[in-house]
Amino acid sequence: MEHTMEVPAHRLAKHAVPAFRWGSAIGHVIMLAIIGIFFAVSIYFSWGQWSRWIVWIAVALMLISGIWSIGFRPFYVHKHFRYGFSDEFLQIKSGAFYETHELIPMTKIQAVSTNQGPILRKFGLYSLTIETMGSSHEIPALPKEVAVDVRNQIALYAKIREVDE
Amino acid sequence: MNDMQRYHPLSLVFDLADFIKNFAFLLVIVALNIGSDSWFSKLGRIVLVLSVLLTLAGSVLKWFTRKYAVDELAFHLQNGLFEKTERTVYFDKIQNVQRHTSFLHKLFGVTSITFETGTSGMNSNVKFDVLKRSEADRLEALVKEFVAPDSNKIESEIESEAVPAQHSEAPKRIVHFTPTRKDTIKASFTSFSFLLIIVIGASLFSKINRFFDVEERVEGWLASLLTSGWVIAGIIILLIVVAIGIGIIVTFVRYGKYEIASDESRIYIAKGVLDETAFSILKSRVQAVEITQSFMKRILGLAEVKLISAGDLGDDEDEVSTLYPFLPVKRAYSIISELLPGYEVSLTTKKLPKKALWARLIKPYWFWLIVTALLTYFRPEIFRLHYGWLLVSLVFLLLLVVGRILNYFNTNYALTDQFIQLSEGTFGKTTLLTSRHKVIEVSVKRTKIQQWMGLATIGIINRAKPVRHDLLADVPIVEAKRFYEWYANRMKEVQLK
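Quick mapping for you: the protein sequence lines, in order, are chains R and E.
Residue numbering for the first sequence is 1 to 165, as defined by full-length UniProt numbering.
Residue numbering for the second sequence is 1 to 497, as defined by full-length UniProt numbering.
Honestly, the hints are just simulated from the structure, not real lab data.
Even for Gly, the Cβ is constructed at its ideal location relative to N, Cα and C.
Among the hints, a few may not be true.
[What the hints assert, rightly or not] Computed from the model, here is a short list of chain E residues facing chain R with C-beta under 10 Å:
1) Ala233
2) Ile236
3) Ile240
4) Val442
5) Gly459
6) Val467
7) Arg468
8) Lys481
9) Tyr484
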């Protein structure tokens with residue numbers, strides 16, 4: 001195919017989709033609660049009509065973003081995310097509407113870490129953060145064994161340094 | 001470390017000078033109100049006396065508590081009164097060296113020197129605000145000695161040349177460029193743009209005059225002066241002469257004494273007449289080269305070449321890594337190859353495909369949309385026309401479209417064996433040239449439109465301060481793939497420790 005880029009082989013964990021859904025659902029509930037508090041305060045101090053407008057607009061926006069980021073986005077993120085690595089490079093591909101390919105030399109990786117928040121813990125997943133001198137990259141959801149394995153592999157390869165750094 | 005030594009005692013004087021510079025405003029106010037008894041001027045005096053005392057106490061304490069030592073490997077720095085801090089900075093982390101000799105430094109026969117490392121955060125450099133020239137030379141020599149032999153080896157390995165065994169010999173230093181008087185005068189022309197302001201201002205004034213009769217409203221001597229056309233003309237000519245004079249003097253003071261030199265392993269840039277600045281960087285530590293041409297410089301065929309270093313390079317004003325900013329373009333290109341072996345500015349660059357122009361034109365004009373929405377809402381009367389707002393919106397859109405077209409024609413790139421060259425600009429032009437073994441990361445990104453049109457945006461990241469992200473939008477996907485592979489092959493040149 002002339003019109004596509006080559007993509008690496010590895011994918012995110014299967015449970016990534018529900019984990020993402022829960023994550024953004026909780027985020028949205030928190031945002032709604034904040035809007036609710038604002039609404040209550042505006043009634044208590046009887047602020048004008050403008051505060052109602054803000055509440056309605058905010059709720060509408062939350063609804064749209066909720067449908068997108070709980071309903072559709074997790075599926076697409078999982079479907080389009082790929083990563084791969086060799087002893088020389090880490091390669092990450094993500095996104096469908098805004099397709100991104102990144103090629104990072106192992107020698108330029110400064111730190112790699114596995115992280116787990118409460119939601120990822122529930123699904124037994126880890127996210128992997130890879131930091132270079134210029135940027136930071138994330139592999140958002142991997143099963144525990146894979147995450148630890150990948151982290152150790154990358155750490156091993158990244159130990160090699162280039163001359164004149 | 002036992003043989004820690006204090007910083008130069010003149011630090012105290014320089015701290016005080018700094019203080020005077022920062023508090024000049026307060027000083028003047030207090031001096032003007034010296035006889036006044038109001039609570040405000042009393043407060044001013046108290047604040048001034050207190051801050052003088054604090055500054056003095058602070059700088060004396062600083063002098064007593066800060067110490068440094070140097071060995072053949074590293075700087076050892078010590079500071080702190082109650083909480084002692086010791087810091088060791090190894091020479092191999094130093095990215096560039098800057099020496100600044102202000103007028104005050106010259107009076108006392110001292111100088112200041114800064115060793116920049118590539119790390120981020122507060123302690124990213126080792127700075128000596130005041131020190132003897134001999135001491136500065138000694139420190140610089142130590143750093144050089146540590147780094148240079150090693151780097152010579154690396155470079156010669158790359159070029160696969162036989163290196164003469166005796167490194168101890170002083171390396172040959174070649175001066176590549178010093179500006180002639182003609183260069184300086186030509187350079188000062190680029191800053192003549194403010195002359196235009198005077199001309200425009202004068203013509204505007206005469207227009208306004210016709211409408212509102214400013215002359216009648218301005219009273220007194222000014223009115224009598226301005227009523228005479230001859231006087232106005234005289235003033236304008238005088239202003240122009242003064243502006244040219246100032247332009248030449250400023251340019252001469254800033255760029256008159258410039259020297260670009262290099263030896264086997266380092267590049268040296270020295271400049272300044274009153275304030276002297278010297279910059280040196282290891283050739284192998286140059287991350288990229290940036291060639292900038294403003295619209296004015298493009299007309300005059302001049303260019304500014306900047307070396308990108310992973311260490312700090314100072315603010316715009318005291319920017320130190322610029323090779324002479326008014327080099328004739330051809331000389332600029334040749335000097336790059338002279339200073340940095342392997343670097344060569346490609347003249348046979350590739351243009352973006354036609355469809356890239358379309359892709360750029362159909363991209364949404366967000367800013368225009370916002371402005372137009374506001375205009376539609378308020379419908380201001382502009383130029384006394386009922387539909388003035390519509391006219392403004394259309395003209396604005398036209399400008400944006402022309403801007404994008406110009407940008408398209410100014411964009412080109414070249415991907416050679418080891419180097420990548422990206423140029424972009426609307427009226428001016430900026431070209432970045434870097435080697436793949438200095439690029440620390442690459443990306444290829446495609447929006448939906450680009451996917452449909454078979455285009456892609458390529459991006460490179462380079463070490464600098466702050467880190468540089470450079471993008472080139474709308475190259476054909478085939479080229480993007482070639483670029484990706486090109487980067488994947490970087491290990492051919494890279495040497496591992």
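Against the structure, the hints come out as follows:
1. Ala233: violated, 57 Å
2. Ile236: At about 51 Å, which exceeds the 10 Å cut-off, the nearest Cβ of chain R leaves the hint on Ile236/E violated.
3. Ile240: violated, 48 Å
4. Val442: holds, 5 Å
5. Gly459: holds, 9 Å
6. Val467: holds, 4 Å
7. Arg468: holds, 8 Å
8. Lys481: Hint holds; Lys481/E Cβ to chain R Cβ min 6 Å, cut 10 Å.
9. Tyr484: Holds, because the Cβ-Cβ distance from Tyr484/E to chain R comes to roughly 6 Å (cut-off 10 Å).
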